[in-house]
Amino acid sequence: MNAKKICIFGALLIGLTVFFGCSATSRGMKHADEAIARGDHYAAAIEYLNVLQINRKHSEALTNLVNIAKPAYEQKLRMAEAYQAQRNYEASLVEYKDLQTYLSRLKMFNLLHFIPIDVGQVIHKVSLAAAEKHYLQAEVFFSQRDFTRAISEYRIALDFAGVYKDSTEKIAESYYRMAGDFEKTRNYRSAAKTYENAHAVIRDYKNSLTKATGLYYALGSYFLSIGQYRKAYEDLGQAQTLNPQYRDVSQKWATAGDKAIIKIALVSFDNPTGRDVAGMVLGDYIFSAIKSDVQAKASAFVQLLEREDFLTLARTQKINENLLNDEGRIPIKLTGVHYLVFGRFTQVRNTRAGLTETQVKDSYQYSYDVAYVDSKGQQAKRKEWVSAPMYYSIFKDKSAVALAGTVKVVEVKSGRTVIEFPFSEKTGDEIVYADKFQAKHDLNADNIRVSDEIRRLSGARRELRDEELFAGELIKIIAAPVAQRILTDLDTAPVTMDPTQLTY
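Residues in the sequence shown are numbered from 3 upward in steps of one, following the numbering used here.
By construction, these hints were calculated from the structure, which means they are not laboratory data. All C-beta atoms, glycine included, are put in the ideal place defined by N, C-alpha and C. Among the hints, a few may not be true.
[What the hints assert, rightly or not] List of simulated lysine-lysine pairs, BS3-like, C-alpha gap at most 30 Å: (1) 320 to 195; (2) 385 to 442; (3) 385 to 428; (4) 72 to 127; (5) 410 to 378; (6) 299 to 261; (7) 478 to 400; (8) 254 to 415; (9) 400 to 428; (10) 293 to 195; (11) 428 to 293; (12) 410 to 265; (13) 99 to 135; (14) 254 to 299; (15) 363 to 442; (16) 265 to 478; (17) 261 to 320; (18) 109 to 127; (19) 195 to 261; (20) 99 to 32; (21) 415 to 299; (22) 127 to 261; (23) 59 to 127; (24) 293 to 335; (25) 167 to 195; (26) 293 to 32; (27) 320 to 299; (28) 335 to 442; (29) 127 to 99; (30) 32 to 72.
[Said to hold, decoys possible] Have a look at the derived ranges for each label pair, beta carbon to beta carbon: (31) 493 to 188: 29 to 37 Å; (32) 494 to 354: 39 to 47 Å; (33) 433 to 260: 38 to 46 Å; (34) 498 to 354: 32 to 40 Å; (35) 102 to 183: 23 to 31 Å; (36) 494 to 396: 23 to 31 Å.
Could you build the full structure based on these sequences and the hints that come with them?
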C-alpha cells in the first residue's frame, strides 16, 4: 500500500514538473518572439537561453538562437561601446559584464559560433578608465581641502581598480589633514576619531596612532580630574585599546573604572502598620524584586549591596545604625557606598469578605416522548418540553490586598533625597458559583435544558487565589518603576561638554 502511494506521488510530481516546465518554456518562447518583433535581439537570445536551461533539446529555441546569437552579441556590444564613448564607464561596465555572462552561456550550450572580442580585457580597461575618472575628481576635491568628498571619490576609484595609483595614501592623508583641522578648532574628540581613521587606512600613518591615543588619553585624564569617571573610563579605554603601552593609560583606565562604580545599598523597608500578607516580609520581597530588575538591566558600573553587607560595612566604620534612616538630613561620613535605599509602608491591607450563600428559585426544562399518528396514518413519536422548578444556592466571596508607601533613594555624601517614589497599589479576587441544586430530575441528563448562565455558574472556580499570589503581583508592580527610576537617574553618565583647552 505504501509503495503504491509512493508511486502515485512520484507520478504526480513528475506530471507537475512537466506541466510547469512546459508552461515556462511556452512563456519564454512567446517573450522571445515579442522581443524579436521590437528588434531586441539580445533580450530574445536571453529568453531562448532560459528555455534551453529548462529543456536543452528544445529544437525551436536552438534553431532561433543560432540565427540571432551574433546579432544579439553585436547589439549588446554597441550599447556597451556607446556608454564607453560617452565616458559613462559605470553603465558601460554593466553592459560589458552582461555581455560576458551571455557569451559564457552560449559556450555552455556549444552555440558560440563566432569570434567575440576579449570582453574580460575590455572590462579591465574600462574599470581603469572609471578609476581614473574618479581619481581625477578626488584630486580636485583634495586640492580644495574638501576631504570628505575626496575620500569618497578615492574609495570609488579603488572599488573599480582594487589598487589605483596613490588613492590609499591620499585617503589616509585626507583623514590626517581633517584631524589636524579639528585640532586647530579644539574639537579634540573629532580629531582623535579622524586620526584613528587615518591609522585604520594605513597603520600609524604619519604617527596617527600616537596622535589618536594621545588625544583620547588627554580627554580621559581631563574627565578623571573633574570626577566624571564614566566618561574618563570610556576615553581612557579607547586609548588603552589603541596602545596599551601608552604612558600610564592602563593604570588610569583601571582607576577610572573603579571610581565609576556606583554602589547602592538596600538598607531597610519599614512596616509600622504591623500587618503582613500570608506571613510575607513584604519589604524584603520588594527589595529583592528591585535588585533583580536593576541587575538585569544595569551597566557594569552599578553594584547593589544587600542590607547585611551594608550593615557590616557601616559597623567597620563605626557608623551609628540609628543614623541610617530616611529621616536624617545630615550627610553621613560613610565610604564604600554612594546611595542608600529606604522603604516605608503606610498601608498594608488584606481583607476577605467571607463566603455568602443566597438561595435561588429557577426553572429548567425536561423532555418526554409523546405517541401520535402522523399524516400518513403511521404511529410516530415526538418530544415535548415541559418546565419544572429547581432550587440552588449562589455562593460569593472576595478578597483584596492593598499596599501603599514610599521608596526613597538618598545620596550618602549630601544626605539629599534624589529619588522619592510613592506607591499605592491594590488587587484582589472574586468568586461566584452555583451549588446545592435541587430538582426532580438529574440536571446533567441528556433530556434536560438549563440556561447557559446556570451551567457557567455551576462550573465556575470555587476557591479564591492565594494571597501570596496577590502580594507577588503587587510587589512586581511596585518594584519595576522604582528599578527603572534608579537606572534612569543613577546609571547614566552626566552630560558634560568636552574641554575646549587640552594639554597633551
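Verification of the supplied hints:
For a cut-off of 30 Å, the pair hint linking residue 320 to residue 195 is broken: about 49 Å separates their Cα positions. Between residue 385 and residue 442 the CA atoms are separated by roughly 19 Å; this keeps the pair inside 30 Å, and the hint holds. At roughly 54 Å between alpha-carbon atoms, residue 385 and residue 428 are farther apart than 30 Å, so this suggested pair is violated. A distance of roughly 23 Å separates the Cα atoms of residue 72 and residue 127; the hinted pair therefore holds under the 30 Å criterion.
Our distance criterion of 30 Å between C-alpha atoms is broken by residue 410 and residue 378, whose separation comes to about 90 Å. About 20 Å separates the Cα atoms of residue 299 and residue 261, which keeps this hinted pair within 30 Å; it holds. This hinted pair checks out: residue 478 and residue 400 have alpha carbons roughly 22 Å apart, not beyond 30 Å. Restraint check for residue 254 and residue 415: the C-alpha separation of about 24 Å stays at or below 30 Å, so the hint holds.
A threshold of 30 Å between alpha carbons decides the hint, and for residue 400 with residue 428 the separation of about 13 Å falls inside it, so the pair holds. With a C-alpha separation of about 38 Å, the suggested pair residue 293 and residue 195 falls outside the 30 Å cut-off, and the hint is violated. Taking the CA atoms of residue 428 and residue 293, the gap is near 22 Å; set against the 30 Å cutoff, the hint holds. Between residue 410 and residue 265 the CA atoms are separated by roughly 15 Å; this keeps the pair inside 30 Å, and the hint holds.
Between the alpha carbons of residue 99 and residue 135 the distance comes to roughly 19 Å, so the proposed pair stays at or under 30 Å and holds. Distance restraint check for residue 254 and residue 299: the Cα-Cα separation of roughly 27 Å lies within the 30 Å cut-off, and the hinted pair is therefore satisfied. For the proposed pair residue 363 and residue 442, the alpha carbon gap of about 14 Å is at most 30 Å, so the pair holds. Our distance criterion of 30 Å between C-alpha atoms is met by residue 265 and residue 478, whose separation comes to about 23 Å.
For the hint linking residue 261 to residue 320, the alpha-carbon distance of about 23 Å falls within 30 Å, and the restraint holds. With a C-alpha separation of about 24 Å, the suggested pair residue 109 and residue 127 falls inside the 30 Å cut-off, and the hint holds. Between residue 195 and residue 261 the CA atoms are separated by roughly 25 Å; this keeps the pair inside 30 Å, and the hint holds. Proposed proximity of residue 99 and residue 32 is supported: the alpha carbons are some 26 Å apart, at most 30 Å.
For the proposed pair residue 415 and residue 299, the alpha carbon gap of about 26 Å is at most 30 Å, so the pair holds. For the given pair, residue 127 sits about 61 Å from residue 261 by alpha-carbon distance, which is inconsistent with the 30 Å threshold. For the hint pairing residue 59 with residue 127, the CA-to-CA distance comes to about 38 Å; that exceeds 30 Å, so the pair is violated. A distance of roughly 25 Å separates the Cα atoms of residue 293 and residue 335; the hinted pair therefore holds under the 30 Å criterion.
Under the criterion of a C-alpha separation no larger than 30 Å, the hint pairing residue 167 with residue 195 is consistent with the structure, at around 26 Å. Distance restraint check for residue 293 and residue 32: the Cα-Cα separation of roughly 71 Å exceeds the 30 Å cut-off, and the hinted pair is therefore not satisfied. The hinted pair formed by residue 320 and residue 299 fails the criterion: a straight-line CA distance of about 34 Å is larger than 30 Å. Between the alpha carbons of residue 335 and residue 442 the distance comes to roughly 82 Å, so the proposed pair goes past 30 Å and is violated.
Under the criterion of a C-alpha separation no larger than 30 Å, the hint pairing residue 127 with residue 99 is consistent with the structure, at around 13 Å. Proposed proximity of residue 32 and residue 72 is supported: the alpha carbons are some 21 Å apart, at most 30 Å. Evaluation of the 29 to 37 Å hint for residue 493 and residue 188 yields a pass: the beta carbon distance comes to about 31 Å. Between residue 494 and residue 354 the beta carbon distance is about 44 Å. The supplied range of 39 to 47 Å therefore holds.
Residue 433 and residue 260 have their C-beta atoms about 56 Å apart, which leaves the hinted 38 to 46 Å range violated. With their beta carbons about 55 Å apart, residue 498 and residue 354 fall outside the hinted range of 32 to 40 Å. Distance hint check for residue 102 and residue 183: the Cβ-Cβ separation is about 45 Å, which falls outside the suggested range of 23 to 31 Å. Checked against the hint of 23 to 31 Å, the C-beta distance between residue 494 and residue 396 comes to roughly 56 Å, which is inconsistent with it.
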